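Colleague: Following the hints, complete the assembly by docking chains B and C onto the known chain A.
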Amino acid sequence: MAKNKRKLLQGNGACVQGAIYAGLRFFAGYPITPSTEIAENCARFLPQVGGRFIQMEDELGSMAAIIGASVTGMKSMTATSGPGYSLMQENIGYAYMTEIPCVVVNVQRGGPSTGLPTKVSQSDTMQARWGTHGDYNAIAVAPSTVADTFTETIRAFNLAERFRTPVTILLDEVIAHMRAIVPIPEEGEYEIVNRVKPTKPPEEYIPYEITENFVSPMPGYGEGYRYHITGLTHNTLGFSTNEPEEIVVKLDKLKNKIDKFQDEIMKLRVNNMDDAEVAFVSYGSVSRAALQAVSLARSVGVKVGTIQLYTIWPFPYDKLREICSRCQKVIVAELNMGQIIHEVRRALPEDIEVLPLQRYDGEILTPTQLLEKLEEVL
Amino acid sequence: MTETNQIDESRSRSKPQSKYDYSKGPLPLEINLEWCKACGLCITLCPKQVFETDRNAKPVQARPENCTQCTICWVHCPDFAITSNYK
Amino acid sequence: MTTVVKQKSDVMLNYLRPKMKFPSVWCPGCGNGIVMGAFIRAINKLGYDRNNMAVVSGIGCTSRMPAYMDFSSLHTTHGRALPYATGVKFARPDMKVAVITGDGDALAIGGNHFIHACRRNIDITAVLINNYIYGMTGGQGSPTTPSGAFSTTTPYGNVEKHFDACNLAIGAGATFVGRATVYHYPQLEKMIMQAMEHKGFSLVEVVSNCHTYFGRLNRRGDASAMLKEFKENAVNITKAKTMTPEELENKYVIGTLYVNDDKTEFCDEYHKLMDVAQKRKK
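Note that the protein sequences, when read in sequence, are chains A, B and C. For my numbering, add 28 to where a residue sits in the first sequence, where the first one is 1. Number 33 in my numbering belongs to position 44 of the second sequence; there are no gaps in the numbering. For my numbering, add 833 to where a residue sits in the third sequence, where the first one is 1.
Don't take every hint at face value.
[Claimed, not checked] Anything over 10 Å on all C-beta distances counts as not near chain C; from chain B, calculated:
1. Y9
2. Y11
3. E23
[What the hints assert, rightly or not] Heads up, incomplete: computed chain B residues facing chain C, CB under 10 Å, no partners named:
4. K26
5. L30
6. I32
7. T33
8. L34
9. Q38
10. A51
11. P53
12. T57
13. T60
14. I61
15. C66
16. K76
Bear in mind the hints are in silico, worked out from the structure with no lab data behind them. Bear in mind the structure is a predicted one, so any value in this text is a computation, not a measurement. Every residue, glycine too, gets a C-beta built ideally from N, C-alpha and C.
Only chain A is shown next, with the shape it has when bound in the complex:
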């Protein structure tokens, strides 16, 4: 077997390479630190593979354009950071409602507002779940290394296509701007999922049909299926409705298609948890510090482990409860004033103490800080 190619890539570059591997052919974006390199890489590499790049007038337009491209059957993506992510929420909501697959990369920086453009943060975690108005179910993934970014981007595209929903990749400034060697897989090495196309003839096609897995087949525009897509709450035919029964069917569909198939989405990395009395729960760049802290603590005999969340949303309540069942204390380390910690508290029984380790000064959490916290709680 031929040895895999390896490339020195920035986190943002790995995201683009992963996306192209997954089938990305349409990118619309607007420059914003620290995500700009994603747009720059797309502008350079997409036309080489027959893809399209467009720099839109703002993030509202970027999100709109990728949804427009996705309805023609093209895999599409945009990338931004906090302020742009706020602007995109309007049309991300549209994609949830109309069930149009697309990928949104949010390279997190400090906020609120313009905040800290060049500093790291993980403070958009909740926005990725509750950013747009209304009831919906969200999927968000969080890589922790440059190589992870490549594979998690592929996974994000697969989830978007499988579930017909927008998927957010929560990068943070540290990973996005870090450079590392990334193995580039051969074609076919990773599974690529494509959206299900209808098998029925156009005259029998029901755009939002309730299927076994709640995901309706989706033809591209121009494939002979003329149907209506609207952001208004719609019935299975795709036309707006005010009928209470039809509204419930639609909203249940959005919930069930993800809730009932969570196992396909969940991904955690569990390390040293078999006999752990204390656990670190973390995601994104903080996970790197956690791994280092655990290996140092283990070398002096402290029974500590880590749980890294690759899938942030839907949140793995059950799995976390199962893994932490023998723990006495859980430390949630994150670069914000406390977001995921609330979910961890909801997941775990009351006899497990959940403790925060938070940093929000724009700097990273170091292994030393994690060890200090560990000493404090032991």
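Modeller: What follows is chains B and C alone, placed relative to chain A:
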């Protein structure tokens, strides 16, 4: 056909205006009264005063012999309720 | 009376969406229906394959239109119809893409997208139905509400100035710009045909009647009265060129205002770029 209001005779011309002979066939136009919202555009825009209103303010072809199939009523009907039987 | 449509004179009935409820949501006499008829008849005359056509709209009375027409239709968020359409067109340059939008949708919340779509000269036809007011939300002032005119948010008269959508589009780089009214139907239909055939960004501004709000609040009368007013105050562009600005006050200048066939189209240019990029890769 729906009941008509009284026709204003003074508006009606003595001679038929149209090259079409409607005496043997159906009326010049077909009006979908379910779609008609009684906006009155066809009645006021018709250059030959073909229409009068019924008691629901919807159009009635009171002077079909005047209809020249000029298209004005059906292209201006916002509810696609008028079609021609002859064109 | 049955709702089953008899196919005799009007081809447009073939283009109405099956399974959709008719009549439409619009008020009796609303110009939107007239524009929809013109749009469909224009597409029919052009003989486009309707499987290869997308109609995109934003939010507002006007933007409900694509739901009634049997094309691939995308009813999007307020003001964003043009960027959505840009996505569709750029991903599938072979498709015909039209945007149906209103004055509030295109010029207020979507103003930025509007000028940038013009600037890119992407091959999209925007049909902007201008009724001088926000209809769906109940008669609020819009960017085209004339100074002094009444609306529910300008109860003492509008103190702001209004946009001229056509001049805005010409200034921003659109390559086909025309204005028609719902009264001047043949011109409207022909103009939509020309705009759809034009390669590049084309705008057809249609002066339309919202007698329910604009007409009532400004004592313009019902639908018929407003259409008559369009007839009386419309001036063709050739005649308008001979008139003074004072004479043109409160007139609607109609006709094809601007055509530029020399400017390159965005998708075409990008295809050339793709060739360059692929050669460089090798």
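Colleague: For this structure, which hints from the list above don't hold up?
Modeller: Numbers 3, 9, 10, 11, 12 - these are the hints that the structure violates, sorted from lowest upward.
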